Amino acid sequence: MMNQIPISWFLTLSAVLFALGVAGFLFRRNIITVFMSIELMLNAVNLSFVTFSYQNKSIHGHLFAFFVMVVAAAEAAVGLAIILTIFKNRQTLTIDEIDSMKN
Amino acid sequence: MQLWLIPTLPLAGFVINGLFGRRFSKSTINAVAIGSVVLSFAWVLKTLLGLMPLDAAHIEHYFTWIQSGAINIGCDFAVDRLTAVMLLVVTGIGSLIHIYSVGYMAHEGGYYRFFAYMNLFMFFMLVLVLAANYLLLFVGWEGVGLCSYLLIGFYFTKHSATTAGNKAFIVNRIGDFGFSLAMFLIFTTFGSLDFGSVFHQAPGASASVLTAIGLLLLVGACGKSAQLPLYVWLPDAMAGPTPVSALIHAATMVTAGVYMMARSWPILVHAPAAMDTMAVIGIATAFFAASIGLVQNDIKKVFAYSTVSQLGYMFVGVGCGAFSAGIWHLMTHAFFKALLFLGSGSVIHALSGEQDLRNMGGLRTKIRWTFLTMMCGAVAIAGIPPFSGFYSKDAILLAAYRHEPWMYWLGVVTAGMTAFYVFRAIFLAFFGAYRGHEHPHESPPVMWVPLAILAVLSLVGGWLFQIPDFLRNFFPVSEAPEDTSLMMISVASGVIGIFVAWLLYVAKPAMADSLASAFRPIYTTLYNKYYVDEIYDAAVVNPLVAGSEVVLWKGADAGMIDGAVNGVGSLARKVGGVLRLLQSGNIRSYAAWVLFGSVIAIIAMAIAALPLGGLQ
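Protein sequences appear in the order of chains A and B.
Under my numbering, the first residue of the first sequence is numbered 1, with each subsequent residue one higher.
Under my numbering, the first residue of the second sequence is numbered 1001, with each subsequent residue one higher.
Some hints here could point you the wrong way.
Unchecked claim - To give an idea of the chain A side of the interface with chain B (calculated C-beta under 10 Å), a few residues:
id, residue
1, I7
2, W9
3, L20
4, V22
5, F25
6, R29
7, V34
8, R90
9, L93
10, D96
11, I98
12, D99
13, S100
Said to hold, decoys possible - Derived Cβ-Cβ restraints for the label pairs, each shown as a range:
id, chain 1, residue 1, chain 2, residue 2, range
14, A, N30, B, G1559, 51 to 59 Å
15, B, R1573, A, R29, 32 to 40 Å
16, B, V1578, A, A73, 36 to 44 Å
17, A, L11, B, I1607, 53 to 61 Å
18, A, S8, B, R1573, 49 to 57 Å
19, A, E97, B, G1559, 27 to 35 Å
20, A, A74, B, I1600, 27 to 35 Å
21, B, L1582, A, P6, 35 to 43 Å
22, B, L1582, A, I5, 39 to 47 Å
23, A, N30, B, Q1583, 21 to 29 Å
Hints were generated in silico from the structure; no laboratory data involved.
As the structure is a computational prediction, the values presented were derived from the model and not from experiment.
Backbone N, C-alpha and C fix where the C-beta goes; we use that ideal spot for every residue, glycine too.
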């Protein structure tokens, strides 16, 4: 099946997903959405890794993808804990209001 | 012959007392300090007896100290007849002064520190004397300077003492600078610093180079031996304890310059200009310092200027080519000046710290031993035959007459002044009525026994130790024909000096004051030491201080260095002020910057990846 679909499609999909992630990261105000955008970017990159791995008949890309997944899982645990704490303390999840570093 | 033991024994004393002295009892400190020096003296005696007749130098090589390119400097000790005289003087007088110090320092704080420094001084002085090359001599030379500094500033809670120490150290730097230059010149000329090699090649070198070396060595000697114009540190050095004045600033260290010049005689005999300069400086210093000594009221200051003056005589001796006479006077001066200093220390001790001659008087009966011994020193320095000062001073004056008659006459006048100021001090302190308030008490035997030994040496030392005979083959021959009339004149000058002192201070005490008021300008000039310190302050010290303040402190330090440091700081602060605006605390703006950066990076990589000319 893969033979019929050109590699550029996979890469284009990856780029589109990544761009969506960037856009979500930049323009959404809810922390949870921003967080999900990060996950989206990571998985877009994973898609590229796997694509190249398949293309080059190399295991390295797979390995990288697994590493990214492990890190993303850890990051999700830590990130969600942070988000919970923020909400507990501030009763808000709007990212523009969390700017206490400014002053 | 294990020459290394001679300096190492006092060094061991220094290390032991310096490290553990704080916990030792006084008797332990005494045993270590005096024992090390007396053992050193004994070892000197044993060595010299074993080496006699010592016609050639006995050299011991221990290790190569510096080996670099053409430089090869060993740690070598040598003993010849000149060294033998110096070794005996240094360790002999040193032992006596160490013993005396036990009594003098008994009530002082820092007891172990004092003896540790004294032992360290002995070590460096013996290295200086034993060294077989100029660099090792310089090690001792600097080391004794260090100990001099430490001991002048021994009473470090007194501001005057610490500044006197600084003054001694800084003035000596000028001399040491000259000495260093002399060593450089010696090395570039002869390719070696070993005495043997240098002196062997000296006759072949050009006269101008030898003269330059001689003059530079003379600068060094003038600093260490307190000659014009660098003598100013020595009178101030009297701020140290009196045994220090006796050992370092009368008997041994200050004579190092004379020793070094006499040691360098093979260079000097080919540099007549340097020798003439030396003789002129010597006689000028002798006269100048003696005239200041005439009117000083501090008993130690009198003897300090006397030391400067007597060192001037030694310079005259060496400068006139009568090297052995200079060394002879070095030795006899060590006897009688150590005696006079220790005696005045005994007087000061008896009066619980009083140093002003005007507050003494009538001590003749109260401290009999001190009086008798100091009289011996006084007749010796006054040049009364047959006591020690007579022999050596007469030898120097004869050589001066043969060299330049006017130097002889100036020397004779100086001899009269010498007799006058010494007996003035004696008469003021020991005769007349007691003018002080303290109750005088005689010093303990540990103090007056060394005085008595020195008194005997002062009386018979010149006759007993015929240094010119001993050094006959060491120095070039300088046979001055005996001239009885010249001798009579100088003796008469001394006797007149004593008589005038007796007249002014015993027979008619009112005359001294009326003379002083009759010659008020001369008296005040002398009393203020020709205003030399003030002139130096105005000409050198104050411009330096002001220059340091305006240029170095406010200009270089505060302006340039602090300016650069603060400028970097404020630059960083300003840049940070601009960059701070990026740190808005807004996560999305950070993300935008990250995106912006990645885009830039990707564009850069894309441009780099394009083949050359790909943009066309």
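So, going through the hints one by one against the coordinates:
1. For I7 (chain A), the interface hint is violated, the least distance from its beta-carbon to any beta-carbon of chain B being 19 Å, above 10 Å.
2. At about 21 Å, the closest approach between the beta carbon of W9 (chain A) and any beta carbon in chain B exceeds 10 Å, and the interface hint on this residue is violated.
3. At its closest, the beta carbon of L20 (chain A) sits 13 Å from a beta carbon of chain B; the interface hint therefore is violated under the 10 Å criterion.
4. Among the interface hints, the one on V22 (chain A) holds; its C-beta lies about 6 Å from the nearest C-beta in chain B, closer than the 10 Å criterion.
5. The closest approach between the C-beta of F25 (chain A) and any C-beta of chain B is roughly 5 Å, which is under the 10 Å cut-off, so the hint is satisfied.
6. The beta carbon of R29 (chain A) comes within 8 Å of a beta carbon in chain B, closer than 10 Å, and the hint placing it at the interface holds.
7. Hint on V34 (chain A) holds. Least Cβ distance to chain B is approximately 7 Å, under the 10 Å limit.
8. With its C-beta approaching chain B no nearer than about 14 Å, R90 (chain A) sits outside the 10 Å limit, and its interface hint is violated.
9. Taken as an interface hint, L93 (chain A) does not check out: its beta carbon lies about 12 Å from the nearest beta carbon of chain B, beyond 10 Å.
10. Of the supplied interface hints, the one on D96 (chain A) holds, with its beta-carbon coming within about 6 Å of a beta-carbon of chain B, less than 10 Å.
11. A least Cβ separation of about 7 Å between I98 (chain A) and chain B falls short of the 10 Å threshold, and the interface hint therefore holds.
12. Taken as an interface hint, D99 (chain A) checks out: its beta carbon lies about 4 Å from the nearest beta carbon of chain B, inside 10 Å.
13. A distance limit of 10 Å between C-beta atoms decides the matter here; for S100 (chain A) the minimum to chain B is near 7 Å, and the interface restraint holds.
14. For N30 (chain A) and G1559 (chain B), the Cβ-Cβ distance of about 58 Å falls inside the hinted range of 51 to 59 Å, so the restraint holds.
15. At about 34 Å, the CB distance of R1573 (chain B) to R29 (chain A) agrees with the hint of 32 to 40 Å.
16. For the pair V1578 (chain B) and A73 (chain A), the beta carbons lie near 40 Å from each other, so the given range of 36 to 44 Å is met.
17. Evaluation of the 53 to 61 Å hint for L11 (chain A) and I1607 (chain B) yields a failure: the beta carbon distance comes to about 21 Å.
18. Checked against the hint of 49 to 57 Å, the pair S8 (chain A) and R1573 (chain B) passes, with Cβ atoms roughly 51 Å apart.
19. Between E97 (chain A) and G1559 (chain B) the C-beta distance comes to about 50 Å, which lies outside the given range of 27 to 35 Å.
20. Take A74 (chain A) and I1600 (chain B): their Cβ atoms lie about 30 Å apart, and the range 27 to 35 Å holds.
21. Distance hint check: the CB atoms of L1582 (chain B) and P6 (chain A) are about 42 Å apart, consistent with the given range 35 to 43 Å.
22. The hint said 39 to 47 Å for the Cβ distance between L1582 (chain B) and I5 (chain A), and at roughly 43 Å that hint holds.
23. For the pair N30 (chain A) and Q1583 (chain B), the beta carbons lie near 23 Å from each other, so the given range of 21 to 29 Å is met.
Hint violations for this structure: numbers 1, 2, 3, 8, 9, 17 and 19, all remaining hints satisfied.
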